[in-house]
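There are 2 protein chains.
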Amino acid sequence: MRFIIDAMGGDRVPATPVQGAVLAVNEYGYHVTLIGPERAIRNVLKDMVYPADKISVVDAPETIGMDEPAALSVRKKKNSSIVKAVQMLKEKEVDAFISAGNTGAVVCAATLNLRLLPGVDRPGIAVIFPTLDKSCMVIDVGANIDPKPLHLLQYGIMGDAYSKHILGKIKPSVALLNIGEESTKGTEFIKEAYMMLSESKLNFTGNIEPREVYEGKADVVVCDGFVGNVFLKVTEGFAYAAAELLKRELKESTWITKIGALMTLPAFRVIKKKVDATEYGGAPLMGVDGRVIISHGSSNKEAIKNAVRVAADYINHHVNSHIIEELNSY
Amino acid sequence: MRFIIDAMGGDRVPATPVQGAVLAVNEYGYHVTLIGPERAIRNVLKDMVYPADKISVVDAPETIGMDEPAALSVRKKKNSSIVKAVQMLKEKEVDAFISAGNTGAVVCAATLNLRLLPGVDRPGIAVIFPTLDKSCMVIDVGANIDPKPLHLLQYGIMGDAYSKHILGKIKPSVALLNIGEESTKGTEFIKEAYMMLSESKLNFTGNIEPREVYEGKADVVVCDGFVGNVFLKVTEGFAYAAAELLKRELKESTWITKIGALMTLPAFRVIKKKVDATEYGGAPLMGVDGRVIISHGSSNKEAIKNAVRVAADYINHHVNSHIIEELNSY
Chain V
1 MRFIIDAMGG
11 DRVPATPVQG
21 AVLAVNEYGY
31 HVTLIGPERA
41 IRNVLKDMVY
51 PADKISVVDA
61 PETIGMDEPA
71 ALSVRKKKNS
81 SIVKAVQMLK
91 EKEVDAFISA
101 GNTGAVVCAA
111 TLNLRLLPGV
121 DRPGIAVIFP
131 TLDKSCMVID
141 VGANIDPKPL
151 HLLQYGIMGD
161 AYSKHILGKI
171 KPSVALLNIG
181 EESTKGTEFI
191 KEAYMMLSES
201 KLNFTGNIEP
211 REVYEGKADV
221 VVCDGFVGNV
231 FLKVTEGFAY
241 AAAELLKREL
251 KESTWITKIG
261 ALMTLPAFRV
271 IKKKVDATEY
281 GGAPLMGVDG
291 RVIISHGSSN
301 KEAIKNAVRV
311 AADYINHHVN
321 SHIIEELNSY
Chain X
331 MRFIIDAMGG
341 DRVPATPVQG
351 AVLAVNEYGY
361 HVTLIGPERA
371 IRNVLKDMVY
381 PADKISVVDA
391 PETIGMDEPA
401 ALSVRKKKNS
411 SIVKAVQMLK
421 EKEVDAFISA
431 GNTGAVVCAA
441 TLNLRLLPGV
451 DRPGIAVIFP
461 TLDKSCMVID
471 VGANIDPKPL
481 HLLQYGIMGD
491 AYSKHILGKI
501 KPSVALLNIG
511 EESTKGTEFI
521 KEAYMMLSES
531 KLNFTGNIEP
541 REVYEGKADV
551 VVCDGFVGNV
561 FLKVTEGFAY
571 AAAELLKREL
581 KESTWITKIG
591 ALMTLPAFRV
601 IKKKVDATEY
611 GGAPLMGVDG
621 RVIISHGSSN
631 KEAIKNAVRV
641 AADYINHHVN
651 SHIIEELNSY
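Chains as they are written, first to last, in my numbering: chain V, 1 to 330; chain X, 331 to 660.
The hints are simulated quantities; they were obtained by calculation from the structure and are not laboratory data.
None of these values were measured; they are calculated from a predicted model.
Be a bit skeptical, because a hint or two may be false.
[As the list claims (entries may be wrong)] With a cut-off of at most 25 Å between alpha-carbon atoms, the simulated PhoX-like pairs for lysine-lysine come out as follows: (1) 384/X to 406/X; (2) 547/X to 273/V; (3) 134/V to 577/X; (4) 478/X to 148/V; (5) 76/V to 515/X; (6) 604/X to 247/V; (7) 258/V to 581/X; (8) 76/V to 521/X; (9) 602/X to 274/V; (10) 148/V to 603/X; (11) 478/X to 273/V; (12) 464/X to 247/V; (13) 406/X to 273/V; (14) 251/V to 273/V; (15) 217/V to 422/X; (16) 531/X to 464/X; (17) 251/V to 515/X; (18) 251/V to 604/X; (19) 185/V to 531/X; (20) 422/X to 251/V.
[What the hints assert, rightly or not] Simulated coverage check for chain V against chain X, where a stretch passes if three residues somewhere in it have a Cβ under 8 Å from a Cβ of chain X: (21) 164-171; (22) 180-186; (23) 257-267.
Don't be surprised by glycine CBs; every beta carbon is placed ideally from N, CA and C.
Make a model of the complete structure from these sequences and hints.
Here you go:
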């Protein structure tokens, strides 16, 4: 399998993606192409140890910044790492693309260039949340911020396929994120999506509220991309604020409390590992005709390595073929 | 000042609202009317100590359950605590209504019966979030789940008035909850609201992401009620899940970690107090022509007492008059 990694995606570039690529090559033995400004990439690579035939570099002199408008920059920057990588993916020079760069630009380039799987109207970003019970896939978290009810049904079907074939769940439960459990709750959009999901062949369990998502009450949760993105970012933001608050509080605490905190650290480390986005590495962009994994902008090298594993799983389990099959059966 | 408290609102009724009323009477000296099934209320009251002339009971034999459809139950249950209390508020028999009951029913009864302030098209529930810096008012968190952009401008103006006159902030910053900071981000709805806010006289500081809300970067954050409700519930749900995870992890920890956790407890208690919804007690339903405070369904008696304080502040600072003034100046 051949992977291509966006060397200009993320907060510390090209260092982090390059280091992540080397980790992946050394640990999994796959071939990785790094795409971005060639000289800068080689400059990071030169101090690293890896089998020389396993990493290649493709020059992409342009960069799409994290905050640039997606559609415009994809159209204008043909020589950017994102646009060129998607082109190589389309031409089957590589099997999967991993980027921690501008999410909107990746979604836009992939949708325009790779096109969508038959039966899919909009792609969706699927994030796997750790919960108190089993893991939960939330789709969409930002690819499609103004969806139609039908798109949510398609997300349900795609999430179902992923959960079955990659996560090995037998009859994944699919729920609709809402602000109440009763079927009468929510906007007209939500009510229509509810009806479509309940009439589908999915194991639809109805509406779900955020707390139940964390409790692990569903295998797949579908929502519009705006709400899903808020869900993701509130989680991240709150976790950050809680940790910060604890740090500040400890600073002003007695030495007993401080020593206590040190003694409690192992428990916190286990929890951090459990909920850390690094462990999951990347979120598949589902529905495009190709394998695209979107990583968090703040990904470290471990996260990039894990994103390669996510991509490999996606390929090995033929997720896209299963999605097509399931959609065809509707 | 005379307050009316919904004795049938919340998870433990009528015990908690009745106990909260007694606390408020004893601490603040206000008069409180308890509304609900009279016998059940008196049954709780009989064991409590309070000045007899400060609490009265009004019988309301019907109850609107937490999960009943709002509009329908308000129309049908004329003798419910919620409908009767709003009626008494309308007839100026009381100055403010506090309920931890069915939020939708409270919003519906208040909107239909009290009507809205001149210049307001939809009411909004305003919650005060603790942040790493100053407090932040988020409006709307669930009254209006399918708003027009204009409603968000009105929320900004109402939040501005509240922040100035109750929280004493000089030039409150108002921000728009969005999934990115750039003005080009978000749905058409969001972009239109952005334009209206930036053309207003408010101290509009642009888009804000969830993490910055927690960092305390804005005094007022406006959003549609569906997204605001998800924001609120993700916060609550995540806090619950994190605490649960810590508890489970500690159970499996070494005794050193366990003792450490015990020693760290004081810091956790301070944090809990800082972020506990109990301290705020209630969220004003802004925009209705009357004073209605909505408390969390899980409110304890302290929270009910604090909701009375929130209501008293609302009255003392003439928030509704200020809202009318500000809206008139547009």
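Violations among the numbered hints
1, 2, 10, 11, 13, 15, 17, 19, 20, 21
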